[in-house]
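Participant: Following the hints, put chain B in place on chain A, whose structure we already have.
If you want the building blocks of each chain, they are given just below.
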Amino acid sequence: METMVAVRDLAKTYKLPDGSEVQAVKDLDLDIYKGEIFSLLGPNGAGKTTTISMISGLLEPTRGDATIGGHSITREPLAAKRLLGVVPQEIALYPRLNARQNLNFFGKMYGLGGAELDRRIDEVLEFIGLTDRQDDRIDTYSGGMKRRVNIAVGLLHRPALLYMDEPTVGIDPQSRRRILDMVMQLRDELDITVLYTTHLMEEAQELSDRVGIIDHGEIIALGEQGDLIQQVGEQDRLVFDVGEQPVDEKLLGRMQAEIGGITAAFYDPPGEGGEDPANTSGKIVVTARRGRKALPGLIQLADDAGVEIHSVAVREPDLEAVFLDLTGRALRD
Amino acid sequence: MLKIWTIAWKDIYTRFTDRNLILIMLATPLALATIVGLAFGGLGGGDVPVQDIPIAILNADQGMAQGFNFGQVYLDLLTPAEGQDGQGAALPGCNLPSGETAGADQSEPGAGVSLLDLTDAVAFDDALARQLVSSGAVSLTESTAAGSEEGAEFARAVARAAVDQGVYTAAVFIPADFSARLNQIDAEEQEAPVQVSIYANGGRPVAAGIVRSIIDGITNQLLTGNITIAATFSQMAATGAFPSPDGSTGSLDFEESFACAFTPASNTITLETRTVQAEEQNITSIILVSVGSSQAMFFALFTAQFGIFSMYDERRNWTLQRLLTSPTPKSYILAGKLIGVFITVVVQLLLLMIALSLVGSLLAGQLTLIWGTNYLLIALALFAAALAVSGLGMLLAGVASTPEQGQVFGSVLNIAMAALGGAFGFTLPRAISAFSLLYWGRDAFDQLAAGQTDIGLNVLVLVAMGVLMYLIGLLLFNRRFKI
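Protein chains in written order, with the numbering used here: chain A, 1 to 333; chain B, 1001 to 1483.
Only chain B is shown next, with the shape it has when bound in the complex:
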């Protein structure tokens, strides 16, 4: 084991003391990600080029007996009402001041772009779903169509297909019991957390990240409002000022007045100040994560290939033969090389993530953990990505019969992976981009950065890809590589 580690350490040491290699491994991807982050994320009040992100909102919320429909809040905030942008019918009887909108006050200097400019949301229902299918804008697979022929399920299936096919960047699903569950004041009554689902197009990571950020923001405000109300209700009930926290015996007038707290124009969930400018740093972080992770993996592909192809250099320089004439089994030498490559890639990705965090923090003017705070899952994603990246290097070394051939194959393959995975600033439909390991890695980091934890599939795919490519590559390499 000591010999394996000695070989691995020698490789790691030589890689990280090579200034030219450092330039390629760290400085270049860091610079590219930062430039793209600044260009698309904006800095200090510049215009945000990301606009009119198409979103389908499927509000199945049946509301509450008193007319509360928290699900409608999402539609009110993100879809323009006729003649009065941003105001809908979340709560009956609430009158907004004339001209007040849920979006930004455009007349206010520095207000930036409103959510209505940023997004192009539609209320997605069964009728719209059928219209899209019949017009051919969205096509359903036979199995999808057969499994969901009617009503809400059909709309959900069409919405997902529409996202997959690029009609929408994301679909937001609000469950039927959303308001009812949200209004369960007593925590003990809550069976499970109330959940708003977002189905996003992985091929549009930046836009999908923005949608996720917006929906998170609205949901958080709803929850904050709800907690405040819960506390107030409880206090009033305790003091006898209000009969019951569930509203069953309360005064309707009071409830209606209180319910107006949820209107977009009111403090609790108003988005008057939620302009894109206010979200700029967040968007920059999202772009840094998305572009940074894919750029990091893209350049790590070269590192891994360079590392594994160094076996040929060792053979040419006779250091390999010298190792083989020592009492060191060939398997130890190969294991040492592979571990060295893997650790090099892990360190490269880790250093880039730290450096991008510093860039994000500098842009935000404060310490910003752009990759999220779930360190365990971040580490898991990083290791899975490193395994897949180095596995591809091994596969390439196995397939190529000469290092020169490997370099040509490698460059083409890496660029293809990067293009499919979205590292060059443009994105492809998920059905295509999913072939790239960069897509799975980047998507995992995007999710973690947005506070999501559902990266099981990403990790599984990356690990499976990595292990499979390692095994095939090793098999072929052992056959091809002669001393």
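Next comes chain A alone, as it looks inside the complex:
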């Protein structure tokens, strides 16, 4: 397989005001292959943003290097950046300009111009389905439409590598579905390599050819989803829907301590604070080696704590379980 991104001994150390040092990324080695969707997963503070900031040229590495399409990001930054398209989590657009003006501006920053730029703008506007709204100012768009223009800017110069940072945050399920389809279309039809970060395991599972899990500045797991799930063994994932009831940490502790085979238990609150902002009810998520056997005991403990269980779902092992097993934390932590 041809390598699109090669990261070698990449490290970043920050100096704190008290003179001490924090190593945000520790001698990272990573290869991302051409034409794949690679998801980099990790909790906040794991070193994910620092790693990607170094790869995209926003941060200078303390040591080590990364190449994009064979161009070193430290020695040939402009050549490397020409191959890179960035779709940040934030809506990185000028709200007072319309979609076409935004695309025109950023296109020129990538060295495009004239008739070619006009043609590319028409293409990406059609791709995101906003040709008819191209002359409207960005600040009149819905969240989903802004996200689509945000993606279009990253695609304008036909990059070989597209970095997408949580591109579905804060949008409705329909827009989210549309964006996920677009990402797969980029890989399948345009052969674009996609480096994807998300805290939504379902997205990573649906999109990724390979997954890298980073924690404390190190890659702790890397490979295809099936391989990673096998690494942690077969574990069931029990999801208890508790509606809007508060859940005490003591209950989660008792579940892990008193029921055999439980490896992790956490509360997934409803709305923005949870794994999926679209969720309207809170959930207790438990991973267990023999989930079905542990089910009665768990329901009893919940009942003892005064928490009414609305419904229960038992799921097969997934990336979330892998993540929990490797880091001891949920991805959102």
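If you are wondering where the hints come from, they were derived from the structure by calculation, not from laboratory data.
Only a predicted model underlies this, so the values are computations on that prediction, with no experimental measurement involved.
Some hints could be false.
[Claimed, not checked] Under the rule of at most 27 Å between Cα atoms (straight-line distance), these lysine-lysine pairs were calculated in the DSSO-like manner:
#1 Lys15(A) to Lys1330(B)
#2 Lys108(A) to Lys1003(B)
#3 Lys1330(B) to Lys108(A)
#4 Lys15(A) to Lys26(A)
#5 Lys250(A) to Lys293(A)
Facilitator: Leaving out everything else, chain B in the frame of chain A:
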């Protein structure tokens, strides 16, 4: 270069399509300058609040052999003679009709305020200079005092110090050879133009502008009279009716009669109609220029700071990061932002100047070029002012560690600059106001509006301030600003 211009153009476009910003950048300073211009300049016969402007007139003119002393004309017109206002001894033997004055005829309806009301001029000589120094009203620095201990030079030094210290608004210096030079009829004999100098207090721009306007008016009338006489002399000499244009062999009676043409009561240089009311539009223009330029620069300070601090907004909105992940060097981004800010300020100042010209023209009832007609120097002053204004914005961005801190610093600094520079209607001594870039800009525009061209120092100071502040600001900003 295309990328730099693209970044600059994007900023300029977004600024000038923001209605709220337009309101702050253009409408507010225009409205304020117009209101102040109308309030202090008067409109349609209202009273003029500017009165009794203190002026020191140093007439060193030694006159001519026949008794002509054109320099005395300034004193006659601007200082009241005992028992007969406005009549002095410019020319011997000229009898004015009883009660006729050099100032306005107050009994005539609509005559307005006379020059004597408008100004409070004194004949400044060595004796008065010593009196001022000994009474402590004027203090001289040691170097000034040492360099000019005697006579006319001492009087000049004291007059300048008196202006600097606010005793007088302006000092008018009439050279010793003024009459002699003015009387050189043949243009080829003129070695250099005859010059009346005005040393004005920059801290009183409106009053100084009025003084300049009055002195210009008198000088122009003298020159007009002189040209007329020259033409007459030449014609008479040519026809043999009068022996020589230099008067050396002429009839004394004729000369005396002819010389009376220069008396204040005569047509050539009479100021009977030169009332303040007649000058009203001119005064309004002066105030529009003075207040308008300082208000324009005051609001441009905010524009510049807003423009440079937009880097923080770009960082917060991630557009800066997006730019930095494109194949665009950081230096291009910074250059684009700075050029965008500079051009925005230039356009803002230019639009305000045009708008104020329209206001001035509307008030005058005719097209009036209130900023003067030396377009090259006006452009130079405008660019220098824009450089200084945007340089201050850069410096502030470099000094402030957060945009919030910058906004607080900026507001305080801008108001201080405006107060020192005279944008709020009151003025401070030049020694203090010179610390404000607004002072240098406003003074340059005042001078250009009055037809003066000596703005070299103003431009130099503004450019030096601008470049220095840009460099320091850039250095600090590069250190502080992290992605």
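Participant: Are the hints correct? Go through all of them and say.
Facilitator: Checked hints:
no. : hint                    : in the structure
1   : Lys15(A) to Lys1330(B)  : holds, 23 Å
2   : Lys108(A) to Lys1003(B) : holds, 7 Å
3   : Lys1330(B) to Lys108(A) : holds, 15 Å
4   : Lys15(A) to Lys26(A)    : holds, 15 Å
5   : Lys250(A) to Lys293(A)  : holds, 22 Å
Violation of the numbered hints given earlier is absent; every hint is satisfied by the structure.
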